[in-house]
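All chains should be built: construct the whole structure from the sequences, respecting the hints.
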Amino acid sequence: MSSDVRFTDFKSDKQPTWCPGCGDFGTMNGMMKALAETGNDPDNTFVVAGIGCSGKIGTYMHSYALHGVHGRALPVGIGVKLANPNLEVMVAGGDGDGYSIGAGHFVHAVRRNVDMSYVVMDNRIYGLTKGQASPTSRQDFETSTTPEGPQMPPVNPLALALASGATFIAQSFSSDAQRHAEIIQKAVEHDGFGFVNTYSPCVTFNDVDTYDYFRDSIVDLDEEDHDPHDREAAKQKILEGDKEYMGVIYQDDDSVPWEKREGIDQDMSDIPDGAPEDAMDLVREFY
Amino acid sequence: MPEDLNWAIGGEAGDGIDSTGKIFAQALSRAGRHVFTSKDFASRIRGGYTAYKVRTSVDRVESVVDRLDILIALTERTIDENMDELHEGSVIIYDGERSTMQDVEVPDGMIGLSVPLQRLAEDAGGAIMANVVALGAACEVAQFPIENLDESLNKRFGDKGEAIVENNKEAARLGQQHVQEEYDHDFDYDIETTDEDYVLLNGDEAIGMGAIAAGCRFYSGYPITPATDVMEYMTGRVEQYGGKVVQAEDELSAINMALGAARAGARAMTATSGPGIDLMTETFGLVATTETPLVICDVMRSGPSTGMPTKQEQGDLNMTLYGGHGEIPRFVVAPTSVSECFWKTVEAFNYAEKYQTPVYLVSDLALAVTEQTFPPEVFDMDEVEIDRGKVVDEDEVDSWLDERGRFQAHFPSADGVSPRAFPGTTDGAHMTTGLEHDELGRRTEEEAVRLEQVEKRQRKVETAKEQEEWDYREFGDSEADTLVISWGSNEGAMREALGFLEERGHDVRFISVPYIFPRPDLSAEIEAADDVIVVECNATGQFADVIEHDVLERVQRVNKYNGVRFKADELATEIENTLTGADAGATEVEAE
Numbered sequence: 001m002s003s004d005v006r007f008t009d010f011k012s013d014k015q016p017t018w019c020p021g022c023g024d025f026g027t028m029n030g031m032m033k034a035l036a037e038t039g040n041d042p043d044n045t046f047v048v049a050g051i052g053c054s055g056k057i058g059t060y061m062h063s064y065a066l067h068g069v070h071g072r073a074l075p076v077g078i079g080v081k082l083a084n085p086n087l088e089v090m091v092a093g094g095d096g097d098g099y100s101i102g103a104g105h106f107v108h109a110v111r112r113n114v115d116m117s118y119v120v121m122d123n124r125i126y127g128l129t130k131g132q133a134s135p136t137s138r139q140d141f142e143t144s145t146t147p148e149g150p151q152m153p154p155v156n157p158l159a160l161a162l163a164s165g166a167t168f169i170a171q172s173f174s175s176d177a178q179r180h181a182e183i184i185q186k187a188v189e190h191d192g193f194g195f196v197n198t199y200s201p202c203v204t205f206n207d208v209d210t211y212d213y214f215r216d217s218i219v220d221l222d223e224e225d226h227d228p229h230d231r232e233a234a235k236q237k238i239l240e241g242d243k244e245y246m247g248v249i250y251q252d253d254d255s256v257p258w259e260k261r262e263g264i265d266q267d268m269s270d271i272p273d274g275a276p277e278d279a280m281d282l283v284r285e286f287y
Numbered sequence: 001m002p003e004d005l006n007w008a009i010g011g012e013a014g015d016g017i018d019s020t021g022k023i024f025a026q027a028l029s030r031a032g033r034h035v036f037t038s039k040d041f042a043s044r045i046r047g048g049y050t051a052y053k054v055r056t057s058v059d060r061v062e063s064v065v066d067r068l069d070i071l072i073a074l075t076e077r078t079i080d081e082n083m084d085e086l087h088e089g090s091v092i093i094y095d096g097e098r099s100t101m102q103d104v105e106v107p108d109g110m111i112g113l114s115v116p117l118q119r120l121a122e123d124a125g126g127a128i129m130a131n132v133v134a135l136g137a138a139c140e141v142a143q144f145p146i147e148n149l150d151e152s153l154n155k156r157f158g159d160k161g162e163a164i165v166e167n168n169k170e171a172a173r174l175g176q177q178h179v180q181e182e183y184d185h186d187f188d189y190d191i192e193t194t195d196e197d198y199v200l201l202n203g204d205e206a207i208g209m210g211a212i213a214a215g216c217r218f219y220s221g222y223p224i225t226p227a228t229d230v231m232e233y234m235t236g237r238v239e240q241y242g243g244k245v246v247q248a249e250d251e252l253s254a255i256n257m258a259l260g261a262a263r264a265g266a267r268a269m270t271a272t273s274g275p276g277i278d279l280m281t282e283t284f285g286l287v288a289t290t291e292t293p294l295v296i297c298d299v300m301r302s303g304p305s306t307g308m309p310t311k312q313e314q315g316d317l318n319m320t321l322y323g324g325h326g327e328i329p330r331f332v333v334a335p336t337s338v339s340e341c342f343w344k345t346v347e348a349f350n351y352a353e354k355y356q357t358p359v360y361l362v363s364d365l366a367l368a369v370t371e372q373t374f375p376p377e378v379f380d381m382d383e384v385e386i387d388r389g390k391v392v393d394e395d396e397v398d399s400w401l402d403e404r405g406r407f408q409a410h411f412p413s414a415d416g417v418s419p420r421a422f423p424g425t426t427d428g429a430h431m432t433t434g435l436e437h438d439e440l441g442r443r444t445e446e447e448a449v450r451l452e453q454v455e456k457r458q459r460k461v462e463t464a465k466e467q468e469e470w471d472y473r474e475f476g477d478s479e480a481d482t483l484v485i486s487w488g489s490n491e492g493a494m495r496e497a498l499g500f501l502e503e504r505g506h507d508v509r510f511i512s513v514p515y516i517f518p519r520p521d522l523s524a525e526i527e528a529a530d531d532v533i534v535v536e537c538n539a540t541g542q543f544a545d546v547i548e549h550d551v552l553e554r555v556q557r558v559n560k561y562n563g564v565r566f567k568a569d570e571l572a573t574e575i576e577n578t579l580t581g582a583d584a585g586a587t588e589v590e591a592e
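Line order of the protein sequences matches chains A and B.
Anchor point for the first sequence: position 4 equals 4 in this note's numbering, and the numbering is continuous, going up by one each time.
Anchor point for the second sequence: position 417 equals 417 in this note's numbering, and the numbering is continuous, going up by one each time.
By construction, these hints were calculated from the structure, which means they are not laboratory data.
These figures come from a predicted structure and were not determined experimentally.
By construction, the Cβ of each residue, glycine as well, lies at the ideal position given by its N, Cα and C atoms.
Check the hints yourself; a few may be wrong.
Straight-line Cα separation of at most 30 Å, DSSO-like style, residue types lysine-lysine; simulated pairs [to be verified]: (1) A:Lys14 <-> B:Lys390; (2) B:Lys560 <-> A:Lys14; (3) A:Lys243 <-> A:Lys130; (4) B:Lys390 <-> A:Lys11; (5) B:Lys354 <-> B:Lys390.
Derived coverage of chain A by chain B (criterion: at least 3 residues anywhere in the stretch with Cβ under 8 Å from a Cβ of chain B; other residues may be distant) [as the list claims (entries may be wrong)]: (6) 82–92; (7) 103–112; (8) 263–269; (9) 274–281.
Structure follows, in structure tokens:
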């Protein structure tokens, strides 16, 4: 790990194919900045992504990375981290990837509290399939497959995380570059599962949850005198659901990552050339 | 035929059938006798008929037979369930004092020993030991020295304290005494013991042990019958070597975690049964196209759907061979015996890493629940070799960078296998994706690159076909006109069947095949035989189909896989080239 890593070192030479103005540019820049600021470099970093616009991120960043199947990025990240706890693992996904097809994994990843970060680029729509309702779309949001709107309440990802025992819950806005990078950096630094829901507007298919909408409605928790260590206060803010908060909503400073509690501290790639020296003991157990 | 004794204990699930059977099987094994066990069980926790059967002999035993010599019947139904296997002179031990067993009628010609199991158990310290009283009685019938049970009882009850162990030993002796005092039959059984030292284990345990020996350090799985024993065996043991077993939230998570661990450089495995393989199939394609080494174990049971979870079948062969959309290079290895479950697992890890492909390790319920004795040297750990393939470290990584310093994790090398840099390797950072990708692992739809990568992945299979020995095991008369071929757990029964067939005047050559893909070329063997019979535990003959396919004269093929449909003029040229044997360009005529 070198100390002179710049965030641009995490940039690949591939030009993003995101639409001009897409929120994902800002989200990714914040991720790269946070990784560099926390002293990581591309060779000790593993980025996992699922499917969708968000899934392309591994191509545009430079690090060890895997672009997997829809909704399953979190288990891949957990496997990477457990097999080599020395690696910095960051998982990126979209709202469909994380809260629809991957909702089950999200709940269990939160419960497991492995030391990694999870950034969800929430644009409240399916972009890559050209504009269908996502799990965070508004109830009356009209799309090609839901002409009357989904007619059910959107998933509240922060509440889902809280209910599952999250030790770090934050929300950010990709367009506020400074705050966004700061928030992700806190998630990376957190000892445990650092979850950040990032508003990352889709300029092509979502004309409701736009930059303007978020700029007008977002409330920075830093200006609200909110104590992120107060779980009750966090619960209230999350369940009220009437404001678009930005900042760290909840953080448990006593969090101990699962792998630490399980005593996993070795790089599992290091194995002997043959069976372990005492392997015949495994056989003798069957006497 | 070996001089064998067939023993069983049967009752309701929850009656302690398994542990009682295991105590007896271990005692026999420790006394230098060969043992082969089998279980009849239902998919429920309590109630329902269940039995644990032990076949034992001084000679090796490879299968179950339709004969029961001694039966401990804890319920009346146990006798009914086993009527077909009982014979004249069979001994049935039961507790005639139990209200539910008072009306038991021992069939004509059989010997019923009513032993007050519960009462004697209470005398020894608790009714819960009734099964052990029965074991003691059975030892007397078989003339098996009861001291042999003591070590098994220590092992089973040792952590509950000395008093419990002593009470159990007493219970066994009360059962023995009761038979000595109350019955003066000559039971005809006189079990010999030997000085041989055997270990007793089942196929799932052998797979778990093989995995640990082969350096597997990460296992993620979701419980499912009959694969769970693999996970239970590894739990607590792999941790001693710095590894971890994770019970995932579902099979999708299990295989994705294992994929992540494998990308991080760990030897990783998941095990499941058919329904779990269904769920894992999407990620299986990702594993293959990202060229990640992974061992996926399928312990087959009866399907389709939930089928019969506690019954045997070899119905998943087609799925492991062909499952998944698109075309996926893979290996399919199927152990044919409990000891081969160990060795084929070791091989599976080496194939996975040498060729950077997923490997299906296909076992079945019969192997999973069969415990069998082996001389411990069958699992000689010094013989375990670990080949990690083309892993490059920081010193070697330079030679695999492109002109811009980027690591080529999918470099289309001549043998189809690319360099592998574990995360953390300086200058090795690279991505990979389930999308078609270039040599850097980055998404592409460029026709030439697509062709290059498809061919590169397929080339690994061709390389493996050349480099490895895809052999088979042969038994019986190698000159015989009748050839029997089987795969998986049928080997043991078939080996014994050879003896029966010989007695009836049939000479048979028997080939047991542990490799499904790649597999040995059996054309010459098939040509040389008059009759060829493929034995397998399924309805349609899935292995018979592939064997038959192998000996067919091949059709010529015109294939296109660059992502563009056939065009008429191009097609005309391709077909013409094929007919005239001219260089076929993009056409691939499968070589053989």
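Comparing the hints with the structure gives:
Using a Cα cut-off of 30 Å, the hinted pair A:Lys14 and B:Lys390 holds, with the two alpha carbons roughly 27 Å apart. Proposed proximity of B:Lys560 and A:Lys14 is supported: the alpha carbons are some 29 Å apart, at most 30 Å. Under the criterion of a C-alpha separation no larger than 30 Å, the hint pairing A:Lys243 with A:Lys130 is consistent with the structure, at around 28 Å. A C-alpha spacing of about 27 Å is found between B:Lys390 and A:Lys11, which places the hinted pair at or below 30 Å, so the restraint holds.
Pair hint B:Lys354 plus B:Lys390 holds up; C-alpha atoms about 7 Å apart against a cutoff of 30 Å. Beta-carbon proximity to chain B at under 8 Å applies to 5 residues in the stretch 82–92 of chain A; the threshold of 3 is reached and the given coverage holds. Figure legend: the stretch 103–112 of chain A, annotated as covered by chain B; annotation consistent (4 residues with Cβ-Cβ distances under 8 Å, at least 3 required). Only residues whose beta carbon comes within less than 8 Å of a beta carbon in chain B count, and the stretch 263–269 of chain A has 6; three or more means the coverage holds.
For the stretch 274–281 of chain A, the stated coverage by chain B is satisfied: 5 residues place a CB nearer than 8 Å to a CB of that chain, which reaches the threshold of 3.
The structure agrees with every numbered hint stated previously.
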